[in-house]
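Chemist: Each chain, written out:
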Amino acid sequence: MSEIYFNESVILLGVEANSKEDVLEVMSRNLVEQKLVKETFPPAIIAREEEYATGLPTAGVAVAIPHTDVEHVNRKTISVGVLKNTVDFGVMGDDKETIPVQIVFLLAMDEAHSQLSLLQQLMKVFQNEDVLLSILNDQNKTSIRDLMEEKLDFGALEGEK
Amino acid sequence: MAKKQVLVACGAGIATSTVVNGAIEEMAKENNLSVDLVQIKISEVGGYVDTADLLVTTAMTQKDYPFPVINARSFLTGIGTEDTKKEILTALQK
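In order, the protein sequence lines correspond to chains A and B.
Residue 58 in the working numbering is what sits at position 47 of the first sequence, and the numbering runs on without skipping anything.
Residue 147 in the working numbering is what sits at position 51 of the second sequence, and the numbering runs on without skipping anything.
Calculated from the structure, these hints are not laboratory results.
It cannot be assumed that every hint is accurate.
Unchecked claim - Capping the alpha-carbon separation at 25 Å, the derived lysine-lysine pairs in BS3-like fashion look like this:
1. K125(B) x K107(A)
2. K107(A) x K100(B)
3. K135(A) x K125(B)
4. K135(A) x K181(B)
5. K100(B) x K159(B)
6. K135(A) x K137(B)
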C-alpha cells in the first residue's frame with residue numbers, strides 16, 4: 012500500500028462548474044495529469060457518481076465524496092475542490108433528493124478496506140462546521156493543506172512536502 | 097445467540113462501507129454482540145441472500161431482501177447516528 016499523496020497540487024480553489032460532471036472532470040483530470048490516477052479514472056468516477064450518489068447533507072456546507080474502484084488509481088490521494096458556486100449532487104443512499112454541494116472531497120483509494128482511520132477522520136471533518144467553513148473561505152492552498160493534515164493526522168506525510 | 101451475518105455495503109465497497117464497518121464493529125464490542133461483518137459492494141448483496149441477517153448500506157437499494165435493510169448515511173454525516181445505532185441493535189438482538 013502506498014502512502015497517501017497530499018499537497019497543494021490536489022487542492023483546487025474557486026472551481027467553476029455548471030454540473031457535477033464538470034466538477035468531477037476538472038478534479039479527476041488534475042489527478043490524471045499528475046499520474047496519481049489512470050486515464051480510466053475520470054469516466055469511472057462520473058459513472059459511479061451517476062449510479063451511487065455521494066452528496067452528504069453535513070452541517071453548514073454540503074459536501075460530496077466521489078470515489079470509485081481501486082484499479083483506476085496509481086497512488087492514493089484525497090483531492091479537495093472548493094466550488095465557486097454550488098453544484099447539485101445526488102444525496103447518498105437516496106435516488107430522488109439532490110443537494111447543493113460546495114466542497115468536493117474526491118477520494119482516490121488504492122486498496123479496499125484498509126484506510127479506516129483516515130476515512131473516520133475525514134468523516135469527523137464533515138461533522139465539523141468550523142473546519143468546513145474554513146476550507147470554504149480560505150483563499151490559501153497551503154493553509155488548507157495544513158488544516159487537512161492536522162485534522163487527518165497524516166503522520167506519514169513528511170516526505171511529500 | 098447465534099452469530100449474525102451483517103452485510104455492510106456501499107457503491108464501491110471501499111470507502112463509506114469501511115467507515116460503517118468500523119462503526120458497527122465498535123458498537124458490537126460495546127454491546128457484547130458477536131457479528132460476522134462482511135464488507136461488499138451493493139451489487140454483491142445478491143450472493144448473500146441465503147446467509148445474511150441484516151444489510152447496512154450507504155447506497156440506495158430498491159430490491160427487497162429477506163432481511164432488514166438499514167441506511168447508514170448518518171455514520172458519515174453525524175446527523176442521527178444514535179437512531180441508526182438503535183435500529184441496528186434492535187435488528188441484531190432479534
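Chemist: Next, verify each hint and record whether it holds.
Modeler: Each hint, compared with the structure:
1. Taking the CA atoms of K125(B) and K107(A), the gap is near 35 Å; set against the 25 Å cutoff, the hint is violated.
2. For the hint linking K107(A) to K100(B), the alpha-carbon distance of about 32 Å lies beyond 25 Å, and the restraint is violated.
3. Among the hinted pairs, K135(A) with K125(B) is consistent with the structure: their alpha-carbon atoms are about 21 Å apart, no more than 25 Å.
4. Restraint check: the Cα-Cα separation between K135(A) and K181(B) comes to about 17 Å, which is no more than 25 Å; the hinted pair holds.
5. Of the pairs offered as hints, the one joining K100(B) and K159(B) holds, with about 21 Å between alpha carbons and a cut-off of 25 Å not exceeded.
6. Distance restraint check for K135(A) and K137(B): the Cα-Cα separation of roughly 23 Å lies within the 25 Å cut-off, and the hinted pair is therefore satisfied.
Figure legend: structure checked against the earlier numbered hints; hints not met, in rising order: 1 and 2.
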